[in-house]
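First to last, the sequence lines map onto chains A and B.
Note that the first sequence covers residues 1 to 253 in the working numbering.
Note that the second sequence covers residues 1 to 382 in the working numbering.
The reader is advised that the hints may include incorrect statements.
[Claimed, not checked] Straight-line distance between alpha carbons at most 25 Å, and here's what the computed PhoX-like set of lysine-lysine pairs gives:
| id | chain 1 | residue 1 | chain 2 | residue 2 |
| --- | --- | --- | --- | --- |
| 1 | A | K125 | B | K302 |
| 2 | A | K193 | A | K125 |
| 3 | B | K371 | A | K119 |
| 4 | A | K125 | B | K136 |
| 5 | A | K141 | A | K119 |
| 6 | B | K291 | A | K141 |
| 7 | B | K246 | A | K83 |
| 8 | B | K302 | B | K371 |
| 9 | A | K165 | A | K141 |
| 10 | B | K136 | B | K317 |
| 11 | B | K275 | A | K80 |
No wet-lab data here; the hints were simulated from the structure.
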Amino acid sequence: METENNKSNIIEISELNKWYGDFHALKNINMSVKEGEIIVVCGPSGSGKSTLIRCVNFLEKFQEGNIVVAGIELTDDAQKIRKIRSEVAMVFQHFNLFPHLTIVDNLTLAPIWVHNETKEEAREKALKFLERVDIREQAEKYPNQLSGGQQQRVAIARSLCTSPKIMLFDEPTSALDPEMISEVLDVMVELAKEGITMICVTHEMGFARKMANRIIFMDEGQIVEENDPVNFFKNPESDRLQLFLSQILTHDE
Amino acid sequence: MAVNELQSTRKPPISQIGAILWLRTNLISSWTNGLLTFASLYLLYIAIPPLLDWMVLSANFNFGTVNILGFEIKFSEVMADNQNCGRDAACWPYIYEKFYMYIYGFYPREESWRPDVVYGLTALLFVIVRLVRNYKYKNRVILSMIVTYPIVSYILIAGGFGLLPVVETHQWGGLLLSLIIASVGIIVSFPIGVVLALGRQSDLRVIKLFSTLFIEFIRGVPLITILFMASFVLPLFLESSTNFDKLLRALIGIALFQAAYFAEVVRGGLQAIPKGQYEAADAIGLNYFQKNALIILPQALKISIPNIVGSSISLFKDSTLVLIIGLMDMLAMVNMTSNDPYWLGRETEGFVFVTMVFWVILYSMSRYSRKLEIRFNTENKN
Numbered sequence: 001m002e003t004e005n006n007k008s009n010i011i012e013i014s015e016l017n018k019w020y021g022d023f024h025a026l027k028n029i030n031m032s033v034k035e036g037e038i039i040v041v042c043g044p045s046g047s048g049k050s051t052l053i054r055c056v057n058f059l060e061k062f063q064e065g066n067i068v069v070a071g072i073e074l075t076d077d078a079q080k081i082r083k084i085r086s087e088v089a090m091v092f093q094h095f096n097l098f099p100h101l102t103i104v105d106n107l108t109l110a111p112i113w114v115h116n117e118t119k120e121e122a123r124e125k126a127l128k129f130l131e132r133v134d135i136r137e138q139a140e141k142y143p144n145q146l147s148g149g150q151q152q153r154v155a156i157a158r159s160l161c162t163s164p165k166i167m168l169f170d171e172p173t174s175a176l177d178p179e180m181i182s183e184v185l186d187v188m189v190e191l192a193k194e195g196i197t198m199i200c201v202t203h204e205m206g207f208a209r210k211m212a213n214r215i216i217f218m219d220e221g222q223i224v225e226e227n228d229p230v231n232f233f234k235n236p237e238s239d240r241l242q243l244f245l246s247q248i249l250t251h252d253e
Numbered sequence: 001m002a003v004n005e006l007q008s009t010r011k012p013p014i015s016q017i018g019a020i021l022w023l024r025t026n027l028i029s030s031w032t033n034g035l036l037t038f039a040s041l042y043l044l045y046i047a048i049p050p051l052l053d054w055m056v057l058s059a060n061f062n063f064g065t066v067n068i069l070g071f072e073i074k075f076s077e078v079m080a081d082n083q084n085c086g087r088d089a090a091c092w093p094y095i096y097e098k099f100y101m102y103i104y105g106f107y108p109r110e111e112s113w114r115p116d117v118v119y120g121l122t123a124l125l126f127v128i129v130r131l132v133r134n135y136k137y138k139n140r141v142i143l144s145m146i147v148t149y150p151i152v153s154y155i156l157i158a159g160g161f162g163l164l165p166v167v168e169t170h171q172w173g174g175l176l177l178s179l180i181i182a183s184v185g186i187i188v189s190f191p192i193g194v195v196l197a198l199g200r201q202s203d204l205r206v207i208k209l210f211s212t213l214f215i216e217f218i219r220g221v222p223l224i225t226i227l228f229m230a231s232f233v234l235p236l237f238l239e240s241s242t243n244f245d246k247l248l249r250a251l252i253g254i255a256l257f258q259a260a261y262f263a264e265v266v267r268g269g270l271q272a273i274p275k276g277q278y279e280a281a282d283a284i285g286l287n288y289f290q291k292n293a294l295i296i297l298p299q300a301l302k303i304s305i306p307n308i309v310g311s312s313i314s315l316f317k318d319s320t321l322v323l324i325i326g327l328m329d330m331l332a333m334v335n336m337t338s339n340d341p342y343w344l345g346r347e348t349e350g351f352v353f354v355t356m357v358f359w360v361i362l363y364s365m366s367r368y369s370r371k372l373e374i375r376f377n378t379e380n381k382n
């Protein structure tokens, strides 16, 4: 913990407010993430946790507040947004692979078109990442020929291909059949051990307990509680977190 | 209870297969269905035999001696003329006599090899596209063909540039003109349509408004009106000294008309693309053009193939309207040739012939689109 305090903040969010029409989706969010930190964000559905991480790479616009990512402040400037997006990768609940491209083409797209790598370089790197998520042999197939778990692992490999500093996970296991969840979590654990900065929106409390440096609990657009995993589960302070934990953990233990 | 051995498979019961069952399920599954079957059969019975009689059995095939690819084929001693051809059945020697007019219009006979070469090139184009399907540089080959084919075709058909004698556009006619109008209309309007479709989806208000206004204006007006406008109103805006070709005016009108329809077809495809595809493309850092060119359009256009081809087929059929502004396409040739004093009153043969030619071309187009659909759909196999 001592060494982590010396590291600089890679994400700095201050006084963030967001509305969908009249609906106040995020309320005065303040949060900072240090380099290499693993943050898990949890909370009931509709609590704004997905919206929060989607603001970090500007998939959602926000009306008030500041977000600084890797030293770049988020504004409407398209150049800056693309620059941030090349530092921040995102893994979606529904994978969002490109169905008209083969697996390997899915992976090489951004390196070739955004990072100006040659086809050969990009392909070599893509195959290396596919190897890492253990689906090298599926490289020439199309996404729809793969199982959900395999598709999500491809999606993770795709986001690694641009060597991001930060990875955002938006409920990466929620759309998966139960028997496929662990294969995706295994990959995420590997990544966490390698020291990449991660923000995960997830209901996988096992993963949170084991890997997270901090867990953030959100409800109704606010950060309600924030703690290290041990105290988060042992000594929840707010009533809402106690309720949430009691609902989510009864089936686990 | 537990089952340790899997049961072996067997065929369905005999009463559930075979011709009788097919009859029972498809033609006479119920009283009303059976009644409809017999009514349809009766309709076919009263329609088909007379048609067959008119077109083939009683028809006149006295072409005289025909030379096909160097082989002399003798149908009769002399070719039939309008008088001894008979009025109760088709007189195909009329079509034979006027075949050149139907296919080339008033294109000079000694130059007719030029359209022939273009027809050949067009066929070759489809063969090449098929052959290079798995070739590494197929995109380059196809792109270079897309660029060179129209230029070569134009030089061949129009002449000029000091290479070939000029053939004025008013001499173009028949099937040649129909195909030129349809293919130029489709090829020119398609990119415009795609841009309009993207424009209508754009976040930029002005572009969105312009695209929407353009599309809705054109779609709210019949093609004939557009052709009249292109033919008579457009020259008013332009310098009268510039001799603005009549065919070119019609082509501009048709291209704009078709662009609006393509735009709506493509927009339908765009709307079918899940939001996640846009988000994923954004999240990996693609810019607007890359996102559309690499991710969105390839998928949207693929879904739109049946509608794009359907719309193209409509355009090909609508191209016959150009006879109203005095262009002599294949349909116009029916009146033109049956006004010939020697072949007076043979419109029926002409219309039947033109119908058959249109049907063959359009049905091939629709089959081709079906094949494209199946081929592009391979990635959705599970």
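Going down the list of hints, with the structure as the test:
1. A:K125 / B:K302: Judged against 25 Å, a Cα distance of about 30 Å means the pair is violated.
2. A:K193 / A:K125: At roughly 20 Å apart (the allowed maximum being 25 Å), K125 (chain A) and K193 (chain A) satisfy the hint.
3. B:K371 / A:K119: violated (31 Å)
4. A:K125 / B:K136: Since the Cα atoms of K125 (chain A) and K136 (chain B) sit roughly 21 Å apart, the hinted pair holds (cutoff 25 Å).
5. A:K141 / A:K119: Distance of about 18 Å is within 25 Å: holds.
6. B:K291 / A:K141: With a Cα-Cα distance of about 22 Å, the restraint between K291 (chain B) and K141 (chain A) holds, given a limit of 25 Å.
7. B:K246 / A:K83: violated (52 Å)
8. B:K302 / B:K371: holds (12 Å)
9. A:K165 / A:K141: violated (29 Å)
10. B:K136 / B:K317: violated (37 Å)
11. B:K275 / A:K80: holds (23 Å)
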